[in-house]
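Novice: As a plain string of letters, each chain reads:
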Amino acid sequence: MELFDIAFFVFAFITVVSAFIVVFSKSVIYSAFSLLFTFFGVAALYVLLHADFIAVTQVLIYVGGILVLMLFGVMLTNKIVNVELKTGTLHTIPALLLVSVVAGTLGGLFYSTWKGDVAPPPPPFESTTKTLGEMLMTSYLLPFEIASVLLLVALMGAAMFARRRTKT
Amino acid sequence: MTISLDLHMYLGLSAMLFCIGVAGVLTRRNVIVVFMCIELMLNSVNLSLAAFSSQLGDPTGQVLVFLVMAVAAAEAAVGLAIVIALFRNKQTVNINDINILKW
Numbered sequence: 001m002e003l004f005d006i007a008f009f010v011f012a013f014i015t016v017v018s019a020f021i022v023v024f025s026k027s028v029i030y031s032a033f034s035l036l037f038t039f040f041g042v043a044a045l046y047v048l049l050h051a052d053f054i055a056v057t058q059v060l061i062y063v064g065g066i067l068v069l070m071l072f073g074v075m076l077t078n079k080i081v082n083v084e085l086k087t088g089t090l091h092t093i094p095a096l097l098l099v100s101v102v103a104g105t106l107g108g109l110f111y112s113t114w115k116g117d118v119a120p121p122p123p124p125f126e127s128t129t130k131t132l133g134e135m136l137m138t139s140y141l142l143p144f145e146i147a148s149v150l151l152l153v154a155l156m157g158a159a160m161f162a163r164r165r166t167k168t
Numbered sequence: 169m170t171i172s173l174d175l176h177m178y179l180g181l182s183a184m185l186f187c188i189g190v191a192g193v194l195t196r197r198n199v200i201v202v203f204m205c206i207e208l209m210l211n212s213v214n215l216s217l218a219a220f221s222s223q224l225g226d227p228t229g230q231v232l233v234f235l236v237m238a239v240a241a242a243e244a245a246v247g248l249a250i251v252i253a254l255f256r257n258k259q260t261v262n263i264n265d266i267n268i269l270k271w
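Line by line, the protein sequences are chains A and B.
Throughout the first sequence, residue numbering follows the numbering used here, covering 1 to 168 in sequence.
Throughout the second sequence, residue numbering follows the numbering used here, covering 169 to 271 in sequence.
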């Protein structure tokens, strides 16, 4: 079980550090590529949480889909001629204030429940894929269908938006 | 007591990720970086859902994570399409310059 702890801290460190790079890097490309490490770190944490299906889905959707989309967005919205990949920051002081309020709230919640009566974790269920599939097809069928229709509509709308308007 | 299955560690990490995402959304000027930070915040919420699911031994949280991922994918697609359409019209991705809806 000691190995689990080491793995947790390693992956948590990777996740947090690369998230910092995403936010504070001056280059959009660096942000996008360190977002890759954040997503992989979170996927590894899902594995540590015995959520195997979610981990694979994380890699497939976020790394394979959303990150590639982001990279396309970066490439399409930067003129190659005048390199404006660098971006500045704004409103540092109010943002710092707001972030410290959010962090204080979350930290206060964290510490007020620190020695709560956390039940000992149950023995981990095995592969969750079968269970998740059954739940999605029985008790969560309506949310599943709504999500799929939403995804269809959103992707069609995105294709409509991004298409160059033809002169008719 | 194993730390690896301790709920608090995962919730603390999730809170840290969420705060980093909030900081990014508030301070960065590039729309795409703002999108990345929103994805970061969605990821942190997913992580806490998965942690609760594992702690309670109830896979319902993982169903929620799955649905959140679907909505996040839709959001990213629509958002980037809007960014590309904006860039085509105004030649900028700086949120300070995108102010035509500002009163």
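It cannot be assumed that every hint is accurate.
What the hints assert, rightly or not - Quick list of in silico lysine to aspartate or glutamate cross-link-like pairs, DMTMM-like style, CA-CA up to 25 Å: (1) Lys130/A x Asp226/B; (2) Lys130/A x Glu145/A; (3) Lys258/B x Glu243/B; (4) Lys270/B x Asp226/B; (5) Lys26/A x Asp265/B.
Rather than coming from a laboratory, the hints here were simulated on the basis of the structure.
Novice: Evaluate each hint against the coordinates.
Specialist: Here is what the structure says about each hint:
no., hint, result
1, Lys130/A x Asp226/B, "13 Å, holds"
2, Lys130/A x Glu145/A, "18 Å, holds"
3, Lys258/B x Glu243/B, "22 Å, holds"
4, Lys270/B x Asp226/B, "46 Å, violated"
5, Lys26/A x Asp265/B, "19 Å, holds"
Going down the numbered hints, you'll see the structure goes against just number 4.
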